[in-house]
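Below, each chain spelled out in residue letters.
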Amino acid sequence: SAVISQKPSRDICQRGTSLTIQCQVDSQVTMMFWYRQQPGQSLTLIATANQGSEATYESGFVIDKFPISRPNLTFSTLTVSNMSPEDSSIYLCSVKAHGRAEETQYFGPGTRLLVL
Amino acid sequence: AQKITQTQPGMFVQEKEAVTLDCTYDTSDPSYGLFWYKQPSSGEMIFLIYQGSYDQQNATEGRYSLNFQKARKSANLVISASQLGDSAMYFCAMRDSVWSNFGNEKLTFGTGTRLTIIP
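As you go down the protein sequences, you meet chains Z and A in turn. For the first sequence, this note's numbering begins at 144 and goes up steadily by one. For the second sequence, this note's numbering begins at 4 and goes up steadily by one.
Worth flagging that the hints you see were computed from the coordinates, not collected in a lab. Heads up, some of the hints might be wrong.
As the list claims (entries may be wrong) - Straight line, CA to CA, 30 Å or less: simulated DSSO-like cross-link-like pairs of lysine-lysine: (1) 109(A) with 73(A); (2) 6(A) with 73(A); (3) 76(A) with 109(A); (4) 19(A) with 73(A); (5) 6(A) with 76(A); (6) 109(A) with 150(Z); (7) 208(Z) with 6(A); (8) 19(A) with 109(A); (9) 208(Z) with 109(A).
Here the structure is a predicted model, which is why all the values come from computation and not from measurement.
Only chain A is shown next, with the shape it has when bound in the complex (with noise of 0.2 Å):
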């Protein structure tokens, strides 16, 4: 079953605006960890942000923030400031443990949002 849902194939947004990427995980085991990643068209993976599933506040790396529902099961990626580079597709992971150790490594991805920021 799918772990990770994103529900935007697309989108597209005036640059200098904020963005919001949607992602729902599904798991039963109290401590996850969270990942958005971000793929230019040059292919490579750029990590950008992570969440806990015990941290209490939401993280917050320069111009991007995690909207974190740990109820409604949810980890929002939000951009404030768009700018023309930040155009690429962006994918949210989970790892089934806050703790990365042996084991349990495995990152499982969403299928992508593919943003294009509009000059």
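Extracted from the complex, chain Z is given alone in its bound form (with noise of 0.2 Å):
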């Protein structure tokens, strides 16, 4: 599996403000996704970063509130644009390695967002 780190670990903002989340990976990998979660609430897909071209958005997020750039196969930043305390969640980036099949999606240690 792969060494995912993401910065910072934590943070609190002010509403209106905009925080950008870092998530490096030790080792080439094809594909990087974000995730968010809610207070309570399980994980949902944001979208997936991809190297080299726009991020695919899943329905509900727009690339205006949630820019993403993956200018290389080791890392991806997600932004979280204007935000309001209802952004307050764990922000997660998780990559597939390259190759296999039936490969598993390995997680980082995730962003803990407060908004104020």
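Fit the two chains together into the complex; they arrive one by one in their own frames, and the hints show the way.
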């Protein structure tokens, strides 16, 4: 499995501001994903970060609110824009390793975001 | 429609006992993958075990095993000899294909079961 790190691990932000979350992997991976976990809830996929092309967003999530970058095969960022208290969540990136079928997704440690 | 159902919001189990966490799923596709993840209070998601729909045998990983009953569409996680460190949230998830390839990577998660191990 890949080793995944996220920065920051947690943050407290004011409404109306934006926060960029970084996800770094220790090996090249074909696909990276961003999930949101609202308090007491399950995980919901925000988007798939594609290297060299635009991210693919799930229903209910838009690029203006959650812009994503994927400049190379080991790094991605998710920005939470114009934040409101409803954006308070854990944001997790995950990766699919390169090659095999029947692969799983491995998750980073998450970023805990509180918006006041 | 919800594809993954975990009916046990919380469970309390005595240390060293075995525990079964329930998961049922709904799909009409013959090809799918089922996963279990553990989420401690720290928030990270730890992959535990995987079962493909075409696998003939139940998956096992150390103290974890998956009781896969395809006809009943259930994929229960069994933890043998529970330990205090097993206390966490447990999520069942499904991918809409056994084969991981572009376009069908999305994992759909259940609502989770909070497991508490009692000393």
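So, going through the hints one by one against the coordinates:
| no. | hint | result |
| --- | --- | --- |
| 1 | 109(A) with 73(A) | 21 Å, holds |
| 2 | 6(A) with 73(A) | 15 Å, holds |
| 3 | 76(A) with 109(A) | 19 Å, holds |
| 4 | 19(A) with 73(A) | 29 Å, holds |
| 5 | 6(A) with 76(A) | 11 Å, holds |
| 6 | 109(A) with 150(Z) | 23 Å, holds |
| 7 | 208(Z) with 6(A) | 27 Å, holds |
| 8 | 19(A) with 109(A) | 35 Å, violated |
| 9 | 208(Z) with 109(A) | 20 Å, holds |
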